[in-house]
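Peer 1: Here's the letter readout for the chains.
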Amino acid sequence: MTTVLETNSLGKRYRRRWALRDCTLAIPEGTVVGLVGPNGAGKSTLLHLAVGLLQPTSGTIDVLGGHPADGTAQLGRVGFVAQDTPTYAGLTVAKHLRMGAWLNPAWDEQLAENRIQRLGLDPRQRAGSLSGGQRAQLALTVAIAKRPELLLLDEPVASLDPLARREFLQDLMEIVAEHGVTVVLSSHLVADLERVCDYLVVLAASRVQLAGEVTALLASHHRLSGPRRDTSTLPGNQEVIEESHTDKQSTLLVRTDDPILDPTWIVKPVTLDDLVIAYMSQARDVGPSRPRALEVLQ
Amino acid sequence: MIRFALLQSRIQTVVGIAGLAIVAVVAAITGPHLVHLFDTNVAPCSQRGNCSGATAGFVANDHLLQGGLNSIVLLVPALIGIFWGAPLVARELETGTFRLVWTQSVTRNRWLAVKLGVVGLMSMAVAGLFSLMATWWSSPFDRANMNRFSNALFGERGLTPIGYAGLAFALGVTAGVVIRRSLPAMATTLVAFIAARLAVAFWIRPHLIAPKIQDFALSLATTGYGSSNAGPASLVPNPQSFPNAWVYSTQIVNKVGSALTPHFVAEACPRLAAIAGGPGPGSGSASGSRSAVLGPAPAGVQSAVGDCIAKVGATFHEVVAYQPASRYWAFQWYEMAVCLGAAVILAGISVWWLRRRIS
Chain A
1 MTTVLETNSL GKRYRRRWAL RDCTLAIPEG TVVGLVGPNG AGKSTLLHLA VGLLQPTSGT
61 IDVLGGHPAD GTAQLGRVGF VAQDTPTYAG LTVAKHLRMG AWLNPAWDEQ LAENRIQRLG
121 LDPRQRAGSL SGGQRAQLAL TVAIAKRPEL LLLDEPVASL DPLARREFLQ DLMEIVAEHG
181 VTVVLSSHLV ADLERVCDYL VVLAASRVQL AGEVTALLAS HHRLSGPRRD TSTLPGNQEV
241 IEESHTDKQS TLLVRTDDPI LDPTWIVKPV TLDDLVIAYM SQARDVGPSR PRALEVLQ
Chain B
299 MIRFALLQSR IQTVVGIAGL AIVAVVAAIT GPHLVHLFDT NVAPCSQRGN CSGATAGFVA
359 NDHLLQGGLN SIVLLVPALI GIFWGAPLVA RELETGTFRL VWTQSVTRNR WLAVKLGVVG
419 LMSMAVAGLF SLMATWWSSP FDRANMNRFS NALFGERGLT PIGYAGLAFA LGVTAGVVIR
479 RSLPAMATTL VAFIAARLAV AFWIRPHLIA PKIQDFALSL ATTGYGSSNA GPASLVPNPQ
539 SFPNAWVYST QIVNKVGSAL TPHFVAEACP RLAAIAGGPG PGSGSASGSR SAVLGPAPAG
599 VQSAVGDCIA KVGATFHEVV AYQPASRYWA FQWYEMAVCL GAAVILAGIS VWWLRRRIS
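Keeping their order, the protein sequence lines are chains A and B. Taking the working numbering, I'd label the letters of the first sequence as residues 1 to 298. Taking the working numbering, I'd label the letters of the second sequence as residues 299 to 657.
To be clear, the hints were calculated from the coordinates, so they are not data collected in a lab. Some clues are possibly wrong.
[Claimed, not checked] Partial list, computed: chain B residues near chain A (C-beta under 7 Å):
#: 1; residue: F302
#: 2; residue: T395
#: 3; residue: R397
#: 4; residue: L398
#: 5; residue: T401
#: 6; residue: V404
#: 7; residue: N407
#: 8; residue: S624
#: 9; residue: R625
#: 10; residue: A628
Backbone N, C-alpha and C fix where the C-beta goes; we use that ideal spot for every residue, glycine too.
Put together the whole structure using the sequences plus the hints.
Peer 2: Encoded structure:
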């Protein structure tokens, strides 16, 4: 499988605070990647590093086989929509498309105009007077019409209402289907991404907590409940991610690639939401000092 | 990228053109009349010799417009620095649009280089045109006043405003890149630009070219007797009259360059000291520092001063350090070059800063 984004112990420090540490990731081509984590987990930092807005403090990052923002060609291959979808408030929708055409050699005029028309945006309207959803659509249009191979979206739906959120993501899926572009989109809510992503990266406390294909992640994690039991008595191939105990009962979230054979357990599948929450709270409890090896599955 | 830079600076373009148009109209309406007044009042009198009356009358014309136009040329570079330079990058950083534009297929260096080039050239062109109009409109006054080197005018005529506009713009951009906020960057630009202008006028300009040194023998016409600041009386040089020149200093010195002392005068001219010793008529004890001009004095004092000048003049002479009027354009070019050189250095700093520090 070809990787489009590969990082190796990537780190970024602002003065004394690490925004991202020891990030080792390989994102396969043709996937829709959900980058999930609480606010301040380093999601934006990772995306900014990938698009060359930031330079790493340590480690390496390789995007589509090149260095981020290393020249016109590399910039043209990566589309980016920043958080809060910045646009020039004083410029009209049409002028934003002009900008895209002037600044990108591979600009697809037809694609851009069709999208604007289909979305019902008035080309003469200033971006400053657009609604949040419309602005996000405009920013996405500019990012997609440059015909990138990799599209990075930083919290694209955070400021949208539920309906606009749904429309935006649906639209995004159509783009993916049509152009075969690899997409990474970040959110602090997994619910936003559940329906669209097939690869998941959980970032928390400046580190990668979990990364892998969604189906594989769901298959390898189980919710176990049964009589109260000390977790140290579990088989070695079962790693406890989350545990809660009452006087009589234990509920665990375990990861294992092997079947669970112990008949005392009631085994239930986990939801993506459970998984993300479990890993995020684990990161919070353990704190940022403990590095986790994260070869979940290959 | 050039087209996008032009699109982004469309408001500046409109404001610049509107300002230029207004000044052009006012200058075109009032200018020809001033030329006519100069030709009929000031020009003929110079053949007769004494022009002071006609000149004084002429330069009082359009006083408000003269001041207004000079102020415009003085202010335009500062306004360019504040309103065009400082927000150029700071606004993009403030509103987050740098994340949009730096992720198009244009490198950060090229983006800044083009913006600096387009808006910088526009700044210099606007300031240059304002200066051109001011220089043309004021030329009758400047010819009558003969003070082209004065601090009040040198930076408001000819080429220097172009240099100042470039410098102010670069100062603004650099402040914006470093501070990353429009408003503080604008304030910083204003302060830095005022400091830069003062530094150029008082520290740099006098040293651009070594002054010309010229010696004159002492004579009654050029030398007076008096004291400065209530000190002991001595022979004092009258300012030499060099039209449009910039006189640095006028001194009475001997062959080895030592200045004339009151003590030497008192010993060499005992008769003069006796006559004018007390605070009486003819002592010419002017209170100003240099304007100790020998006023209408009794004949006895006149001849005593004459004798004294002859005696002192045997070993002392008057030496004047000055920039002749012919060097005016050399100074204009040098000052513009110094400012634009500083602007280029500042532009380099902003490019470096944007690349290294904002990442």
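Peer 1: Take the hints in turn and mark each one as holding or not.
Peer 2: Quick rundown of the hints versus the structure:
| no. | hint | verdict |
| --- | --- | --- |
| 1 | F302 | holds (5 Å) |
| 2 | T395 | holds (5 Å) |
| 3 | R397 | holds (4 Å) |
| 4 | L398 | holds (5 Å) |
| 5 | T401 | holds (4 Å) |
| 6 | V404 | holds (5 Å) |
| 7 | N407 | violated (10 Å) |
| 8 | S624 | violated (50 Å) |
| 9 | R625 | violated (47 Å) |
| 10 | A628 | violated (43 Å) |
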